[in-house]
Each structure stands twice: as C-alpha cells, then as structure tokens.
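Line order of the protein sequences matches chains A and B. Per the numbering used here, residue 1 is the first one in the first sequence, and the count goes up by one each step. Per the numbering used here, residue 1 is the first one in the second sequence, and the count goes up by one each step.
Honestly, the hints are just simulated from the structure, not real lab data. Each hint should be verified, as a subset may be incorrect.
Stated by the list, open to error - Calculated pairs, EDC-like style, for lysine to aspartate or glutamate (alpha carbon to alpha carbon, straight line, at most 16 Å): (1) A:Lys206 - A:Glu146; (2) B:Lys426 - B:Glu321; (3) A:Lys206 - B:Glu360; (4) A:Lys153 - A:Glu139; (5) A:Lys105 - B:Glu301; (6) A:Lys206 - A:Glu143; (7) A:Lys105 - B:Asp306; (8) A:Lys156 - A:Glu166; (9) A:Lys105 - A:Glu208; (10) A:Lys105 - A:Glu88; (11) A:Lys153 - A:Glu208; (12) A:Lys105 - B:Glu309.
Said to hold, decoys possible - Covered by chain A, per the in silico footprint, the following chain B stretches (three or more residues, Cβ under 8 Å): (13) 302 to 311; (14) 340 to 349; (15) 388 to 395.
Where is the CB? At the ideal position from N, CA and C, for every residue including glycine.
Each chain is listed here by its residues.
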Amino acid sequence: MTDSMHRILVVEDDLAICAVLQTLFEGDGFRTVAVGTCRDAISFAQLQRPDVCIVDLGLPDMDGLRFIEEVRTWSAVPIIVLTARTQEPQRLAAFEAGADDYIIKPFSGLELIARLRAITRRLARRNRPEAVLHLGSVEVNLETRETRGPEGKVLKLTPLEHRILECLVQHAGALVTHEQIMNEVWGPQLADLRSLRVYVASLRRKLERDPAQPQYILTEVGVGYRLVSDGE
Amino acid sequence: MGACGITALCTALAYSLFGRMEPANIVMVYLLGVTAGGLWLGRGPSVLCAIANSAAFDYFFIPPRFSFYVAEPQYLLTLVGMIIVALVIANLMANIRGQTQAAAARERCTATLYAMCRELAAAPDATSIAAVAALHVSAAVEGPAMLALAGEDPAVPPWFTPADAAIVRWVFDHGVSAGPGLQHWINSPCRYLPLVGGERINGVLVVQPPPTIAPGSHSWNMLEALVGQIAMALERVRLAEVAAESRAAVERAALRNTLLASISHDLRAPLTAIAGAGCLVAQDSILLDSAKRKTLGQLIEVKARDMAELLGNLLELIRLEAATALPRADWQSLEELIGAAVRQSIHRFDHRRVLCELPEDLPMLLVDGQLIRQLLSNLLENAVKYTPPGTTILIRAVAASDLVMLTIEDDGPGFGCVVPERLFEKFERGQKEGSVSGAGLGLAICRAIARLHGGSIHATGREGGGARFEILLPQSTTATCRVVQDR
Numbered sequence: 001m002t003d004s005m006h007r008i009l010v011v012e013d014d015l016a017i018c019a020v021l022q023t024l025f026e027g028d029g030f031r032t033v034a035v036g037t038c039r040d041a042i043s044f045a046q047l048q049r050p051d052v053c054i055v056d057l058g059l060p061d062m063d064g065l066r067f068i069e070e071v072r073t074w075s076a077v078p079i080i081v082l083t084a085r086t087q088e089p090q091r092l093a094a095f096e097a098g099a100d101d102y103i104i105k106p107f108s109g110l111e112l113i114a115r116l117r118a119i120t121r122r123l124a125r126r127n128r129p130e131a132v133l134h135l136g137s138v139e140v141n142l143e144t145r146e147t148r149g150p151e152g153k154v155l156k157l158t159p160l161e162h163r164i165l166e167c168l169v170q171h172a173g174a175l176v177t178h179e180q181i182m183n184e185v186w187g188p189q190l191a192d193l194r195s196l197r198v199y200v201a202s203l204r205r206k207l208e209r210d211p212a213q214p215q216y217i218l219t220e221v222g223v224g225y226r227l228v229s230d231g232e
Numbered sequence: 001m002g003a004c005g006i007t008a009l010c011t012a013l014a015y016s017l018f019g020r021m022e023p024a025n026i027v028m029v030y031l032l033g034v035t036a037g038g039l040w041l042g043r044g045p046s047v048l049c050a051i052a053n054s055a056a057f058d059y060f061f062i063p064p065r066f067s068f069y070v071a072e073p074q075y076l077l078t079l080v081g082m083i084i085v086a087l088v089i090a091n092l093m094a095n096i097r098g099q100t101q102a103a104a105a106r107e108r109c110t111a112t113l114y115a116m117c118r119e120l121a122a123a124p125d126a127t128s129i130a131a132v133a134a135l136h137v138s139a140a141v142e143g144p145a146m147l148a149l150a151g152e153d154p155a156v157p158p159w160f161t162p163a164d165a166a167i168v169r170w171v172f173d174h175g176v177s178a179g180p181g182l183q184h185w186i187n188s189p190c191r192y193l194p195l196v197g198g199e200r201i202n203g204v205l206v207v208q209p210p211p212t213i214a215p216g217s218h219s220w221n222m223l224e225a226l227v228g229q230i231a232m233a234l235e236r237v238r239l240a241e242v243a244a245e246s247r248a249a250v251e252r253a254a255l256r257n258t259l260l261a262s263i264s265h266d267l268r269a270p271l272t273a274i275a276g277a278g279c280l281v282a283q284d285s286i287l288l289d290s291a292k293r294k295t296l297g298q299l300i301e302v303k304a305r306d307m308a309e310l311l312g313n314l315l316e317l318i319r320l321e322a323a324t325a326l327p328r329a330d331w332q333s334l335e336e337l338i339g340a341a342v343r344q345s346i347h348r349f350d351h352r353r354v355l356c357e358l359p360e361d362l363p364m365l366l367v368d369g370q371l372i373r374q375l376l377s378n379l380l381e382n383a384v385k386y387t388p389p390g391t392t393i394l395i396r397a398v399a400a401s402d403l404v405m406l407t408i409e410d411d412g413p414g415f416g417c418v419v420p421e422r423l424f425e426k427f428e429r430g431q432k433e434g435s436v437s438g439a440g441l442g443l444a445i446c447r448a449i450a451r452l453h454g455g456s457i458h459a460t461g462r463e464g465g466g467a468r469f470e471i472l473l474p475q476s477t478t479a480t481c482r483v484v485q486d487r
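Isolated chain A (complex conformation) (with noise of 0.2 Å):
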C-alpha cells in the first residue's frame, strides 16, 4: 500500500484550510504534505517529487502562478488550483502557466476528493491507455474508432467530431482547455472556438439524451471542456 499511496503536495498558508485538507485526504488513503510559501513548495518539489500539487493562487511570498511556471520546467506532475470565485483572470492565467485543474472556493471536500481520484486514475492509465469508454449507453472505441449507441448501433461521427471526442476521452475526467482541444484537433493556426463550440454541440446531439443538459460532455465555462465517463 506505502508504495503506491499517491504523495500530495498542498500549498496554501491558511492553517485551518491546510487541517481540513490534511484530514480529507488521510481519510481517503493519500499522504499529503502542507507548505505555507511558494518557495518551500518549490523546494519540496524538486526534492520529494509529489505525485499531484495542490496550489493556493494567493500564497503570502510569490503568486501560485509562479510556482506552477517553475515547476512545469521541469516536471508534468499534476496541478489544482483552488481560487476563489472573483480571481476569474488569475484562473485563465494558472491553465496558461500548466495547471490541469481548479477548485473554486469554497469548495466542498467530496468534489475535491472526486476530483484528485480522477487525476491519479489517469495517472495509473498513462501507461497502458484504456482503448474502450462507455458515456451511458454509448461506446467510444479509440482503436477501432467506432463510436456506437444504444444496441450496438454505430454512430456515425465525422472525422472533426471524433477527433475533439479522442482528445477529450484522452483526459478524461479532466479540464481541457478551449486551446489545448484546437491546438490538437486544427492546430495552432486555425484554431477557431466558434467552429469548436459547433462540433461539440453537434458531439452532445449524437451523444447526450438532451444536449442542453450534458452528462457526459461539460461545459467549464470560459475555460474548456470536461468529459465524465461512467467510472467517474
């Protein structure tokens, strides 16, 4: 069990906060590690290798942001971000920094814990990717790339379409950004987000009950997109 309990770093210099974080993640099997400033972060960082970061924007040293540029020289180990909710511009900076992730606060502890289980199973997938994802009654094959229905029947998805759903089931149950899925899909070139939005409105028709209403495909708004399999 010791080997592969997952590490956590969190970064936040409220104590109380730093407790209840401490206390949810033990409870939950993960071995976590508490530090005030970002320069402890950054040093505990290179040194222990922590298996996913947990970052408070507001740290009383340096801005969050800076611990994330830095150690995304060197590392590509998982980071959340909690902000709270009026720091919307410092949350579109922490994803162009390299965060994968946010938590608004105040944030519920069992979202929290979803949230980090999600990431450390896509961690565990890195090495052998899972080639079958099931959203409900659909079947999304990435090796075949066959996507099919209720009852067996194939779904017919155009080429854009399937594409943006293999990025999307490629981190699955994580935050992909708006350019992260066009930088994959067109390229840095054409990106175009109207163009995304229309496929993945197309997307939800052929996949969701009600497209207005999305189970699998979410919509993080202004920032990207998250899909949620039926394991999540």
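Position chain B relative to chain A; hints supplied.
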C-alpha cells in the same frame, strides 16, 4: 461730397423754377435738401450742406444775382432765417439718425444675448457652455474668442496663438480682468475676462476684439453683458453638479445603511449557528452520538455555504455595478451556458425537473459566458428555493431578428402578492426574513448582468400559475462586437 451734390441738385431745381415762383418758395427747395441731407449724411456733412445751401441761395437768387452781396435788408432777414432753420433741421435730423442707429445696435445686442442665452440654457455641461459661449462672443466682437474652464489646464488652441495660458492662470488666481485698456497686462493683444460665480471663478473668457472695441464703448458693454450671462450659466451648471453629487451621496449612504443592516443580520445568524455547533462538536461529550455529530457537521457546512454565497453575491454585485463594459466577451453558445448553469445547481434540484426547449439554429452570442451562466444559475436557484419539490422548470429560447429572448418559467406558487419587478431591487425579497436563506441580491445581480449586455430582464406571473422570467439579449451587440473582433 454728398453735401455739395445736394446743394448742386437744389440749385438746379430752383433755377428751373425761378421766375415761376416767389423766392420764399425757392427757400423751401433748399430746406428740403437740408432735411434730406440730415437724413442720409452724418452731422458734419449735414451742417456743411445747410451752410452751402444758404450760400447758394444768396449767390444765385438774392438780388443782385450772381453775387454774395445783399442789396435789400428784407432779403438779409430771409437769408439769416434760412441759415438758422437749415442748421436746426440738420442738427435734429442728425440726432434722429443717431438714435435710430443706437436703437438698431441695442436690438442686435439683445438678439445676440437672447440667442446665446437660449443655447446656454440648453447646454448640459460646462464644456458645451464653453463651446457655445466662444462661438457667440467671437461673432459679437468680430474677433477670435475662447473660454478656459476652472479645474482644467488652460491650453491655448493652435488657432488662437495671441492668447497666453500664463495670463489665463493669472486671471484665475487674481480674479480681475486683464488686457489693453484695462489695468493689468495692457500689452497683451487679447483681453481676459474672469467669469465669476458666487465666490469662485468658473472660467476665463479670452477675446481678441478689434481695437475699436475699448472699455466704455457700446460693443464693450455688450461684451460685458455676454460675460455676465456666460458666468451665470457656468454657475448654474456647477451648482447642478454639486446638487447631483450630494443627492448621490445621500443615496449611497441610504444604500450603505441597508447593506450594513442586511449583511450584519445575514452574516450573524449563520455565524451564531456555526460557532454553537462547532463548540458542541469540540466538546468530547458522551451525550453526542455520531448521528448528532453528523447533523451538527452538516449544519456547519450548510451555514458556511450560505455565508459564502452571500459574500460572493455581494462582491459580484459591487464588481458588476462598477463595470461599464464587458471585458471578457466571447462567442458563446446559449445551449452550453444553460447546460453549465443547470449542472451547477443540479444537486439542489430535489425532484424538480428542468426541461429545455432550444432551437438547433440558435445563433451564438458575443457575451461574457461566466456572467450569463451566473444569471441563469441565480434564476434556477431561485426556482429551487421558492418552489416545492416536483415543480417543473422550463427553459426556452427564441431568436428574433434583433434579439434573443430567453424565458425561464416554473409551475410553482408564483409571486403571490409581491410586485415582481420590485424583486430586482437590492435587498428586496419575496419572503421577508422567512425560512428561505438569502439576502435579496440574486435578482439584482441578474438585472446588472442583463443591463451590462445591453439587454433587460423582466418578471411576470406565468399563465396558469407560477413565475416567469424573461431575458432579452440584443443581437445588435453581436453585430457591433463582431467588427471589433475581425479587426
């Protein structure tokens, strides 16, 4: 010239009549000439005309003719009488002429003043007053004019190089006029007149009149009258601004009081509950079994969330009311925004159903996605708060030529006796201090968001019972913003 012409004309006429008329009637011809001269010529020429006419009469008609010698004493009397009458007529006519001219000038002055006052009264602020005043003054004195306002850096426009910003500042500081013919800065080509209102100088008028307009002249008096009117107009605008400011301050104070009263109640109540519950949980009492402990924990969470929501709403409202533009507008699909809003509140729905009827060809809108999502979330959360479980919430959107109409309605209890439009006011709640948590900010936020997008939001009762909210977002914002984006 005119005087000699009139004399020659009278002599010619008299000559043609001579022989058929008495000399006394010939005198009348000359006096007629003097009257005409007085009517058309100035004072000097008409006096000259009177003398020339008398001399011509003497020379041509008084015997012995063609000599200035007067043989009979009775003609001496005629000649002297004629000279006196001619001079008096010339003088009187000149006086009448002068009065007519003065009256015409007064008329022009009154007309100019009236025209300017009318435009000044319509001018909404000091800047437009300055523009109107400069225009009229420059037309009235036939020279360039400008108006420097108090509180602004007196910059001299390039077309008015003789004006000196340093003198403008000096006049602001000293409050007396300056320029040629006055006591200060007499070598400057321009005149600087302070516009005094109450105890302060609201502006300085700079004019470069032609040299004929000196202090004491008629045009100068008119200039002073104009200055008086401009000063009054500036003072009126300033006082109006002061009044508006103090009114706004009173409103702000009233709002702050409401805010403080509301917040202190809405924050204290959950804080009391949290502190109490926390204290109980911390005591390691045997009375507290795990079920009770769990209830207390849940209570702490719920109350903390209420407080977080209130604070979040308050900050959001302050931010929205300060905003004048949409900094993060982007092409958004309403379907996605509705989906995100529904998902955000879904855990509270509790047997309430949400149905969406959206046309597939709904156009994308250039809006701030977070804000529109927030607007929809607030409406959904209200629907959850104020309806019983089992209610159906219906979201519909229709695109018209120039706007998109979004409606959210439910078949719950509706607004009852509350006037729905009042609910959009801050701290206005359908149920006062009732069992439902909230501070009455949600709909105020919705309205602020809709207005920021150039749209509107209205609440009405739904046909057949329930509440209905209607949001109108103009498509014209789409069009105008598109230009900016494509550039």
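* To do: Could you work out which earlier hints the structure fails to respect and list their numbers in ascending sequence?
  => 6, 9, 15
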